[in-house]
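Colleague: Line by line, the protein sequences give chains A and B.
Position in the first sequence counted from 1, then plus 36, gives you the working numbering.
Position in the second sequence counted from 1, then plus 75, gives you the working numbering.
Treat the hints as calculated values from the structure; they're not laboratory data.
Everything numeric in this text was worked out from a predicted model, so none of it was measured.
Virtual Cβ for every residue (Gly too), placed ideally from N, Cα, C.
Treat the hints with care, since some could be wrong.
Label-pair ranges, simulated between beta-carbon atoms [to be verified]:
| id | chain 1 | residue 1 | chain 2 | residue 2 | range |
| --- | --- | --- | --- | --- | --- |
| 1 | B | 248 | A | 183 | 48 to 58 Å |
| 2 | B | 187 | A | 173 | 33 to 43 Å |
| 3 | B | 127 | A | 198 | 38 to 48 Å |
| 4 | A | 172 | B | 288 | 49 to 59 Å |
| 5 | B | 108 | A | 183 | 14 to 24 Å |
| 6 | B | 125 | A | 183 | 19 to 29 Å |
| 7 | B | 248 | A | 195 | 49 to 59 Å |
| 8 | B | 192 | A | 165 | 32 to 42 Å |
| 9 | A | 193 | B | 246 | 49 to 59 Å |
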Amino acid sequence: MTLDPRSPNDSAASSEDSGEVVELPNATRATDIALDELELVYAFIYARVGNRADAEDLTQQVAMKAIPRLRQGAPASAIRGYLFATARSVLGAFWSTRLGLSQAELHEDLAMAVPQGPPSDESAERARRILAGLSDNYRRVLELRFLHGYSLKEVAAEMRSTVGAVKVMQLRALRAAAKVDPDA
Amino acid sequence: MPEQPENRIARIVEDLLHGRRLRLRAGDAEEKEAIIAAARLAAARSGPQRMSPAFRRRLAQILDSAPREPRLTRRAALVAGLGVAAGALAGGIVGRELASSPAPLPLSASSPVVPRNGRWTDVGALADFSEGQGKLVRAGAVGAFVFRRGETVTAVSSMCSHLPCELWWESGSSLLECPCHPVSFTYDGKPSSPSYTLPDLNEVKARVTAAGRVEVLGT
Numbered sequence: 037m038t039l040d041p042r043s044p045n046d047s048a049a050s051s052e053d054s055g056e057v058v059e060l061p062n063a064t065r066a067t068d069i070a071l072d073e074l075e076l077v078y079a080f081i082y083a084r085v086g087n088r089a090d091a092e093d094l095t096q097q098v099a100m101k102a103i104p105r106l107r108q109g110a111p112a113s114a115i116r117g118y119l120f121a122t123a124r125s126v127l128g129a130f131w132s133t134r135l136g137l138s139q140a141e142l143h144e145d146l147a148m149a150v151p152q153g154p155p156s157d158e159s160a161e162r163a164r165r166i167l168a169g170l171s172d173n174y175r176r177v178l179e180l181r182f183l184h185g186y187s188l189k190e191v192a193a194e195m196r197s198t199v200g201a202v203k204v205m206q207l208r209a210l211r212a213a214a215k216v217d218p219d220a
Numbered sequence: 076m077p078e079q080p081e082n083r084i085a086r087i088v089e090d091l092l093h094g095r096r097l098r099l100r101a102g103d104a105e106e107k108e109a110i111i112a113a114a115r116l117a118a119a120r121s122g123p124q125r126m127s128p129a130f131r132r133r134l135a136q137i138l139d140s141a142p143r144e145p146r147l148t149r150r151a152a153l154v155a156g157l158g159v160a161a162g163a164l165a166g167g168i169v170g171r172e173l174a175s176s177p178a179p180l181p182l183s184a185s186s187p188v189v190p191r192n193g194r195w196t197d198v199g200a201l202a203d204f205s206e207g208q209g210k211l212v213r214a215g216a217v218g219a220f221v222f223r224r225g226e227t228v229t230a231v232s233s234m235c236s237h238l239p240c241e242l243w244w245e246s247g248s249s250l251l252e253c254p255c256h257p258v259s260f261t262y263d264g265k266p267s268s269p270s271y272t273l274p275d276l277n278e279v280k281a282r283v284t285a286a287g288r289v290e291v292l293g294t
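If we strip away everything but chain A, and leave its shape as in the complex, we get (with noise of 0.2 Å):
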């Protein structure tokens, strides 16, 4: 078994245009055809959780419950609807129990498109926009640890603070950051 996914487009996309239905001859194949929407999936779930382990594992979660589906031999885009749709269920029941709160109660935008392609810098560029919405102190704290890794002591000395004044202003510059819409 290959270990370099096809391009999503090469297998399922193409056939999303047609709406034929993708016929799966042997098992390896349909492996490796579940493989490439599960490398969409995982790039999906890493933009929101932003590391490995969770990644893998809410990844694992959606192969598991999407196994009887992808063994249909249905549809690409109706396997990849599921599986993203999937993925936004797991990942509301990730932050909805890390956090101890109600999916209800949890406002997450997990509404996004489903990737059309390869993964892309989407979340990056959603950063720079998101970045671009706050105030100069905000943004130069965020900018300094997350895009530099700056330290808490080398962003004080940066910035002539304190580290406990850079830490409440990165708390600060969090909760502003996140009433910024990228999408405006």
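Assemble chain B onto chain A, guided by the hints.
Modeller: Here is chain B on its own, set in the frame of chain A:
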């Protein structure tokens, strides 16, 4: 004493920037927007991600070895109801997979669930709790298993310390079982199997009032 929110968020950001798993607790809900924003910014920093070859192989094994006609068990139905059916449709496969590739998890000490502005919630009379038997209760957003020991009670979080699945009490083995992977926990939140290392369950504050009522600190 609850941790100041700026310190708590600083720890979470530190974990994210070092590529570590999100270790959240119920009290973090008040800063959910900030935490979600931090996770997304951390993801943006590392750019678009692909699965590691090792993880891709593991997924391929799972897909290849899943049963042809998976049946939904009661256990699976419980998990599916939570919307987090981690392997519920082929629970045995998940068990084998996780057991055969026990990726070491970053262990963290159990910490009590102390919601900011938390409040004590009445969850029943002490007489309603059987000696040594776990009983699932809700205190707002906090789910907990309460255990009676004589005239006192203890409680642990009802959520597994690894996958986001709600545990259930298995009276036969006197253990809290996780529906998502092959682990169980004792009444005091300790993993029962030394071969599958996980953090302890978070402690939940519980008490018995002078009137003989059981209260749990929730939201």
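Colleague: Please go over all the hints and tell whether each is borne out by the structure.
Modeller: So, going through the hints one by one against the coordinates:
Taken as a hint, the range 48 to 58 Å holds for the pair residue 248 (chain B) and residue 183 (chain A), whose Cβ atoms sit roughly 50 Å apart. Separation of residue 187 (chain B) from residue 173 (chain A) is about 35 Å and conforms to the stated range, judged on CB atoms against 33 to 43 Å. Against the hinted window of 38 to 48 Å, the Cβ-Cβ separation of residue 127 (chain B) and residue 198 (chain A) comes to about 39 Å, which satisfies the hint. Remark: the range hint 49 to 59 Å for residue 172 (chain A) to residue 288 (chain B) is upheld by a beta-carbon distance near 54 Å.
A hinted range of 14 to 24 Å holds for the C-beta pair residue 108 (chain B) and residue 183 (chain A), which are about 20 Å apart. Checked against the given bound of 19 to 29 Å, the beta carbons of residue 125 (chain B) and residue 183 (chain A), roughly 21 Å apart, stay inside it. At roughly 55 Å, the beta carbons of residue 248 (chain B) and residue 195 (chain A) sit within the given window of 49 to 59 Å. Judged by the Cβ atoms, the range 32 to 42 Å given for residue 192 (chain B) and residue 165 (chain A) holds: they are separated by roughly 33 Å.
Restraint check, residue 193 (chain A) to residue 246 (chain B): a C-beta distance of roughly 58 Å satisfies the suggested window 49 to 59 Å.
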